[in-house]
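Those sequence lines, one after another, are chains V and Z.
Our numbering runs 225 ahead of the 1-based position in the first sequence.
Our numbering runs 136 ahead of the 1-based position in the second sequence.
Hints were generated in silico from the structure; no laboratory data involved.
Don't take every hint at face value.
As the list claims (entries may be wrong) - Computed list of lysine to any residue pairs in SDA-like fashion (alpha-carbon distance at most 25 Å, straight line): (1) Lys433/Z / Asp363/Z; (2) Lys245/Z / Arg275/V; (3) Lys461/V / Gln327/Z; (4) Lys247/Z / Leu326/Z; (5) Lys245/Z / Ala287/V; (6) Lys273/V / Leu333/Z; (7) Lys273/V / Asn243/Z; (8) Lys271/V / Val240/Z; (9) Lys273/V / Asn374/V; (10) Lys250/Z / Asn374/V; (11) Lys433/Z / Ile423/Z; (12) Lys273/V / Ala344/Z; (13) Lys532/V / Gln244/Z; (14) Lys442/V / Pro165/Z; (15) Lys271/V / Gln332/Z; (16) Lys273/V / Ile423/Z; (17) Lys532/V / Lys442/V.
Stated by the list, open to error - To give an idea of the chain Z side of the interface with chain V (calculated C-beta under 10 Å), a few residues: (18) Ser156; (19) Met238; (20) Gln244; (21) Phe289; (22) Ile291; (23) Val308; (24) Gly370; (25) Ala413.
All residues carry an ideal CB built from backbone N, CA and C; glycine is no exception.
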Amino acid sequence: MEAKELEPQKTPVKENEGFRKKTNNPDKKSSGKGPELKPGYFKSRKVKKRIANIFTTLILVAVSIVLLTPIYWMVITSLKPMSEIVQFPPTLFPDEIVWSNYAETIQAFPFFRYAFNTLIITVCVVVGSVLSNSFIAYGFAKISFPGRNLIFALVLATMMIPGFVTMIPQYILFTQLGWVGTYLPLIVPAFFGNAFFIFLMRQFYMSINNELIEAAKIDGASHFYIWSRIMLPLTKPALITIAIFSFNGAWNDFLGPLLYIHDESMYTLQIGLQTFQSQTTTQWNYLMAGSTMVLIPVVILFFVCQKYFIEGMDLTGGTKG
Amino acid sequence: MGGKIKVKKKTTMSMRRRESLWGLLFISPFIIGFTVFLLGPMLFSLIGSFTNYNITSRMDFIGFRNYEQMFTADRLFWTSLYNTLYYVAFIVPLTAVGAILMAVLLNQKIKGIKAFRTIFYLPAVLSGVAVYILWMQLLSPSTGLINTVLSWFQIQGPAWLFDPDWTKPALVIMRLWSIGGTMLLYLATLQNVPGQLYESAELDGANAFQRFWHITLPMITPIVFFDVVTTTIGAFQIFQEAYVMTESGTGGPANSLLFYNLHMWNKAFVAFDMGYAMAMSWILFIIILILTIINLKLAPRWVHYEGGQR
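Using the sequences plus the hints, can you model the full thing?
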């Protein structure tokens, strides 16, 4: 069924080649017979463009409102008293702002303790991800050795393996190692590379000229020296991208801590928040205050490092650097 | 002279060998990680799926009994598979269409487009429990925002997470809120489509829709393919939302949110029937593998590679 639906796209490709051919033929246009060259053409085209732009802007504004409203709703609900939340119709702005919701949430749910725990894990994961993926990808991008392409294909293939297939046996492995109840199962794997990051990093290395490495080699530098002294500083933008994505991943990780952390004093924010949620059920003012606090660091990080967030997703543009 | 050549050959040989050793050294973390955290566990789970392993005492070989039980006796297995397929069937096409439309909108040359890009992407960075709690409030039948907005239009909103018919659509809507990541992938690709293609099409009188259908779409098919493959794999693994939004993984009303991985989780870490859970994980793996292979086989029919490279 899928194939049938998509088949019509095959022919358009030929047609767009047709478009190209026609414009490559300037004589036809200069003959001036086409309606395109009427005196008002460019003007009317401009007006049309402007109308189209206004229309597009309106759509963009509408979608933006839809996308931002949940966040707005979370923040204002966190500042309302419970009596105002249940009232109908709901108020679009709190009648009275109740900052104490936050103070009470922090008392009921040790936000700073959990934030500190989460930060420890996150920092370790970020360091591990940045170092290991940069190191591994250098091997794939800049050193030639037999079997390299085959192993790289293996890296890409691991992206296709669903994490749940290895979850249970990994749990058994970490149980045997006595690591359950510690942060080690959450941190250690980060030091052994991640297929997506290796791929990202390798793309970036490919854009760096090999002459630099050859020159350093002639000067007697080893690959380790080249990687640590020349490549690490050169690939900073890619490293920041990896740092941000791994930060986000570790900060928001729920499954890992759920599986491995059972001592309440070691909880992360995600687990703490989930426990808080199951105890508080529909006390939306507290729940929204807790959610807001957990999301704030991510939002700040996003606005500070926006450029890297957005460029990091450009899988095709590895050569742009 | 002959000797000189020999020496040179020898040094290049040893240099090549040294180079290979360096290469292996650099990729060794991956090799170790792959063996210890992936290959080893996968082999263990394959063997374990034929046992009654319960992590503490027993690990007896029981042949295909786990698989047999799954297909014939465990009704919840079929429920969870149905729920998951339902979710995948909606998420994959909706994500692709939604993200492409968003990307086309954001690819226009309009004032303030950068601000719009930031806004469109923002929800994608937010994830985890806080977002699920936020959506539980938005979807709340009486005080939630969504039903309030619907009531402005005289529509009586459903009970969402409390109505078995509406729980999965609720999760689909929540997921669609954060398709900004996929959108960026498409946007980056759109920006690489040569502008003259559009200009010449416009001169030939192609309208906006024709330009989209005949130029944009064929040019982005490689990313559509990538997106379909990865979103399918991701959607099959839905777990956290269902776990948090159904009170510690109970599966929601009438088990309507009991997704495959949630059922597997309950078997493994609530009932401690690890052997059975590992058998389940292999069935999931095989389903995903088959779908990925079908995707790969169908790809040449519709994926258009510019210039045939890449």
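We went through each hint and held it up to the structure:
no. : hint                : result
1   : Lys433/Z / Asp363/Z : holds (16 Å)
2   : Lys245/Z / Arg275/V : holds (11 Å)
3   : Lys461/V / Gln327/Z : holds (24 Å)
4   : Lys247/Z / Leu326/Z : holds (18 Å)
5   : Lys245/Z / Ala287/V : holds (18 Å)
6   : Lys273/V / Leu333/Z : holds (20 Å)
7   : Lys273/V / Asn243/Z : holds (18 Å)
8   : Lys271/V / Val240/Z : holds (20 Å)
9   : Lys273/V / Asn374/V : violated (52 Å)
10  : Lys250/Z / Asn374/V : violated (38 Å)
11  : Lys433/Z / Ile423/Z : holds (15 Å)
12  : Lys273/V / Ala344/Z : holds (12 Å)
13  : Lys532/V / Gln244/Z : holds (19 Å)
14  : Lys442/V / Pro165/Z : holds (24 Å)
15  : Lys271/V / Gln332/Z : holds (18 Å)
16  : Lys273/V / Ile423/Z : violated (50 Å)
17  : Lys532/V / Lys442/V : violated (34 Å)
18  : Ser156              : holds (4 Å)
19  : Met238              : holds (7 Å)
20  : Gln244              : holds (5 Å)
21  : Phe289              : violated (13 Å)
22  : Ile291              : violated (14 Å)
23  : Val308              : violated (15 Å)
24  : Gly370              : holds (9 Å)
25  : Ala413              : holds (6 Å)
Hint violations for this structure: numbers 9, 10, 16, 17, 21, 22, 23, all remaining hints satisfied.
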